[in-house]
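**Student:** Sequence lines, in order, name chains D and R. Here the first sequence is numbered in the numbering used here, starting from 1 and rising by one per residue. Here the second sequence is numbered in the numbering used here, starting from 1 and rising by one per residue.
Check the hints yourself; a few may be wrong.
[To be verified] Estimated spans, in silico, between C-beta atoms of each pair:
no., chain 1, residue 1, chain 2, residue 2, range
1, D, 243, R, 362, 56 to 66 Å
2, D, 331, R, 387, 56 to 66 Å
3, R, 122, D, 353, 17 to 27 Å
4, D, 327, R, 354, 46 to 56 Å
5, D, 55, R, 374, 47 to 57 Å
6, D, 329, R, 122, 25 to 35 Å
7, R, 210, D, 25, 34 to 44 Å
8, R, 242, D, 82, 54 to 64 Å
9, R, 129, D, 329, 36 to 46 Å
[As the list claims (entries may be wrong)] To give a feel for the contact side, a few chain R residues facing chain D, derived at Cβ under 7 Å:
no., residue
10, 79
11, 120
12, 121
13, 240
14, 394
[To be verified] A short list of chain D residues far from chain R (calculated; beta carbon distances all over 12 Å):
no., residue
15, 27
16, 50
17, 93
18, 99
19, 100
20, 159
21, 162
22, 163
23, 202
24, 244
25, 271
26, 272
27, 324
28, 345
29, 385
30, 390
Hints in this document: simulated from the structure, not taken from any laboratory. Glycine included, every Cβ here is placed at the ideal spot set by N, Cα and C.
There are 2 protein chains.
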Amino acid sequence: MINEDSVIPKGFLISSAEAAIKKPGRNDMTLIYSTVRAQAAGVFTNNTVKAAPVIVDMERIAKGYGRAVFINSGNANACTGKKGMADVLKISAALAKLLKIPETDVFVSSTGVIGTPLPMDRIIPKIPELAQNLGKSTLLDAAQAIMTTDTFPKLISTELKFGKAQSTLSAIAKGSGMISPSMATMLSCAITDVAITTDAIKEALSASVNESFNSITVDGQMSTNDTVIVFANGLAGNKTIEKGTKEFKSFQKYLTETFSRLSDMIVRDGEGATKFITVEVTGAHTTETGKVVARAIADSSLVKTAIYGQDANWGRIMAAMGASNIQFDPYKVDISFNKVKVVRKGLSTNNDTAATEVLKKKEILISVNLNMGENSAKIRTCDLTEEYIKINAEYRT
Amino acid sequence: MINEDSVIPKGFLISSAEAAIKKPGRNDMTLIYSTVRAQAAGVFTNNTVKAAPVIVDMERIAKGYGRAVFINSGNANACTGKKGMADVLKISAALAKLLKIPETDVFVSSTGVIGTPLPMDRIIPKIPELAQNLGKSTLLDAAQAIMTTDTFPKLISTELKFGKAQSTLSAIAKGSGMISPSMATMLSCAITDVAITTDAIKEALSASVNESFNSITVDGQMSTNDTVIVFANGLAGNKTIEKGTKEFKSFQKYLTETFSRLSDMIVRDGEGATKFITVEVTGAHTTETGKVVARAIADSSLVKTAIYGQDANWGRIMAAMGASNIQFDPYKVDISFNKVKVVRKGLSTNNDTAATEVLKKKEILISVNLNMGENSAKIRTCDLTEEYIKINAEYRT
């Protein structure tokens with residue numbers, strides 16, 4: 001059902017342009033436009049320090065619809081004060097004028113360096129190009145324009161069918177550092193031609209983000225700019241999907257799968273990552289406590305470096321769990337690496353040699369059974385390597 | 001007043017021995033013994049997963065006195081179940097018998113790899129050597145025997161005077177990874193010949209740990225074995241110090257200074273560290289909220305890699321603060337690096353060039369003023385480098 005061809009849903013047009021925001025030589029702005037008004041929903045960072053575009057978008061999305069999403073990379077427009085807010089309004093006003101739509105139908109997302117004002121002298125002259133070239137870019141072009149330290153573009157398209165109506169759900173995302181649960185992700189934008197009510201799309205978004213972007217971590221660092229926006233313009237011609245229906249469940253499943261695939265791509269592209277790690281905690285009292293334990297493991301620099309070193313050092317997993325403030329009995333815990341049990345009832349099974357062997361794989365499953373209850377949680381993360389340090393020590397140079 | 005000569009307080013004897021616990025070629029056990037009963041107090045890890053020696057010591061310290069502290073490196077005796085507990089009791093029983101003291105007067109501390117039982121076949125035969133050689137080792141020998149990934153031994157001695165009585169306060173510590181606030185530290189043992197009540201030494205220990213070992217972080221990872229034990233045997237002959245007196249305040253000050261110096265050494269020896277960073281948060285509503293903000297900054301892998309890269313990327317400081325769950329107004333915040341102001345009222349001062357220059361220093365002071373209240377907090381930490389990854393990826397090999 002899911003394929004990664006670059007399919008643009010009906011009624012959406014995309015353009016991209018180069019404003020040399022951080023440096024020249026690549027497109028760093030994209031515009032995603034719906035020819036008709038689209039139902040819209042968004043999820044944004046919980047960070048107290050919110051970038052200017054996040055503040056504007058949060059207000060604008062409340063009305064439940066929109067027409068255009070502008071995204072730039074290279075500069076986050078965060079910690080930029082009144083000028084930052086004014087710049088967002090200038091960009092959306094310029095686009096609104098050219099597209100002949102209300103300013104409040106334009107959403108703006110930015111990603112990149114914090115604390116430096118947007119180079120408006122380079123951005124504003126390129127706005128007409130973005131408006132004129134609508135339809136000339138692919139989904140891949142858009143995904144490429146929003147990359148920062150990403151090493152590959154992240155996009156996905158799914159063909160859906162509701163009744164006889166053929167429809168498409170496509171999404172792009174960026175992000176490989178400052179990725180942590182309890183927020184959306186750096187940036188993602190999903191577009192679909194499905195007809196769906198605003199209430200339904202809001203609910204579907206919230207549930208799907210929880211299971212996808214909120215269940216990954218690269219470095220435990222919450223960003224100032226995290227934004228996920230969904231547009232649904234209804235041009236597929238299906239019967240409008242309402243909450244609580246079979247069609248709603250189906251749509252929510254697709255949206256969750258789309259975001260999960262993008263989340264996985266973000267983790268796989270985690271800065272400097274060499275391993276894709278799934279931390280699965282079972283036997284928890286509640287899903288929430290399971291998730292706290294899973295995050296404590298996934299965010300532990302000692303666990304991440306051990307996996308990088310292909311060392312079945314489960315003691316670091318126990319120490320990270322014990323520091324999570326969740327009550328459990330260490331002598332009930334079972335731990336496996338890729339199904340090789342290394343801890344049974346809190347004690348070593350002396351399987352370190354076999355475990356070290358499976359840690360040579362690229363995909364690592366850390367399974368922890370607390371044996372305390374019936375609930376479970378999963379977090380996906382990557383290892384911590386010298387390359388992460390290098391990327392982040394040299395980020396602005 | 002403080003000097004780093006290896007002075008052993010009156011009535012204390014030290015020995016050390018090699019049991020090749022992790023590998024041969026160095027002393028990895030030490031015994032610190034008081035010829036008379038000493039008042040004793042301890043602070044231990046908050047981790048749910050507590051090593052066997054921690055569980056035993058916590059019980060034994062409750063009575064408020066002791067005679068001997070045994071410490072080994074190379075193996076943490078954590079996650080080792082009933083055998084781990086039995087091993088602690090065997091070690092303390094063997095020592096008690098040779099030293100002719102009650103078993104419960106012996107404290108045991110261990111540091112090193114988690115999850116592997118102690119090599120008792122190598123430790124037990126060396127116990128008589130430890131007992132026989134009491135008095136033959138220096139404080140430096142003891143500090144060296146407890147090192148794991150430490151690159152230098154950590155010890156300090158201070159000459160104190162109470163009335164006409166000349167006395168000494170000496171301490172050793174180890175630890176350069178798995179160091180985080182909200183716990184003691186990996187291991188520290190302080191000995192003094194001062195006469196002081198058990199209540200007074202308990203209170204002095206608690207206050208001084210809070211300002212020293214609980215105010216540092218290397219990697220935000222809480223250990224299973226953190227232990228600080230203080231012995232005061234009273235042989236200095238001063239009038240016994242009681243709580244609330246001038247002498248008590250003075251003693252507490254010395255203890256805090258001793259532990260602060262050791263904490264600083266631990267941070268300076270942070271795994272792979274190239275910079276010593278002090279994060280100072282002022283203008284906080286309460287000391288506690290200030291400390292939470294300071295920790296959020298100090299534990300941010302993005303802040304730590306920026307400092308390593310000598311990049312005045314204050315946006316990462318703002319993002320880390322905003323993720324701390326403490327309420328503040330981003331546009332009231334001032335930030336300086338070594339007194340060079342980079343943020344005034346939440347906005348860039350465009351001083352990045354000057355700030356980048358001061359970041360070339362080894363000692364970095366990050367000053368953050370929230371401008372919200374009258375309280376402040378300080379956390380000391382180090383940068384995050386490729387060497388940290390290397391050390392921790394290869395720890396058990």
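**Student:** Please go over all the hints and tell whether each is borne out by the structure.
**Tutor:** Verification of the supplied hints:
In this structure the supplied range 56 to 66 Å holds for residue 243 of chain D paired with residue 362 of chain R, their Cβ-Cβ distance being about 59 Å. Taking the beta carbon of each, residue 331 of chain D and residue 387 of chain R are about 35 Å apart, not inside 56 to 66 Å as hinted. Residue 122 of chain R and residue 353 of chain D have their C-beta atoms about 22 Å apart, which keeps the hinted 17 to 27 Å range intact. The given range of 46 to 56 Å is respected by residue 327 of chain D and residue 354 of chain R, whose C-beta atoms sit roughly 49 Å from each other.
Under the hint 47 to 57 Å, the C-beta atoms of residue 55 of chain D and residue 374 of chain R, about 29 Å apart, miss the expected range. Look at residue 329 of chain D against residue 122 of chain R: about 31 Å separates their beta carbons, and that is inside 25 to 35 Å. Checked against the hint of 34 to 44 Å, the pair residue 210 of chain R and residue 25 of chain D fails, with Cβ atoms roughly 53 Å apart. A hinted range of 54 to 64 Å holds for the C-beta pair residue 242 of chain R and residue 82 of chain D, which are about 59 Å apart.
For the pair residue 129 of chain R and residue 329 of chain D, the beta carbons lie near 38 Å from each other, so the given range of 36 to 46 Å is met. At a threshold of 7 Å, the smallest CB-CB gap from residue 79 of chain R to chain D is about 5 Å, leaving the interface hint in force. The criterion of a C-beta within 7 Å of any C-beta in chain D is not met by residue 120 of chain R, whose closest approach is roughly 16 Å, and the hint is violated. Interface restraint check for residue 121 of chain R: the shortest CB-CB distance to chain D comes to about 17 Å, outside 7 Å, so the restraint is violated.
Interface restraint check: residue 240 of chain R against chain D, minimum CB-CB distance 38 Å, threshold 7 Å, status violated. Checking residue 394 of chain R against chain D by beta carbon gives a least distance of about 6 Å; that is within 7 Å, so the hint holds. For residue 27 of chain D, the requirement that its beta carbon stay farther than 12 Å from each beta carbon of chain R is met, with the minimum near 24 Å. For residue 50 of chain D, the condition that its CB be more than 12 Å from all CB atoms of chain R is violated, with the nearest at approximately 8 Å.
Taking the minimum C-beta to C-beta distance to chain R, about 23 Å, the non-interface status of residue 93 of chain D holds against the 12 Å cut. Every CB of chain R lies more than 12 Å from the CB of residue 99 of chain D, the least distance being 31 Å, so the non-interface label holds. Listed as a non-interface residue, residue 100 of chain D keeps its Cβ farther than 12 Å from every Cβ of chain R; the least gap is roughly 35 Å. For residue 159 of chain D, the non-interface assignment is confirmed: its Cβ lies about 38 Å from the closest Cβ of chain R, beyond the 12 Å cut-off.
Once the 12 Å rule is applied to beta carbons, residue 162 of chain D is consistent with being away from chain R; the minimum gap is 39 Å. For residue 163 of chain D, the condition that its CB be more than 12 Å from all CB atoms of chain R holds, with the nearest at approximately 44 Å. For residue 202 of chain D, the requirement that its beta carbon stay farther than 12 Å from each beta carbon of chain R is met, with the minimum near 25 Å. Against the 12 Å criterion, residue 244 of chain D stays outside the reach of chain R, whose nearest CB is about 34 Å from its own CB.
Distance check for residue 271 of chain D against chain R: the nearest CB is about 10 Å away, which does not clear 12 Å, and the non-interface claim fails. A Cβ of chain R approaches the Cβ of residue 272 of chain D within 12 Å, the least distance being about 9 Å, so the stated non-interface status is violated. The non-interface label for residue 324 of chain D is inconsistent with chain R: the shortest C-beta to C-beta separation is roughly 8 Å, within 12 Å. Under the 12 Å C-beta cut-off, the non-interface status given to residue 345 of chain D relative to chain R is violated; the minimum distance is some 8 Å.
Interface exclusion of residue 385 of chain D from chain R breaks down, the closest Cβ pair being 6 Å apart, not more than 12 Å. Here residue 390 of chain D does not stay apart from chain R, with its beta-carbon only about 7 Å from theirs, under the 12 Å limit.
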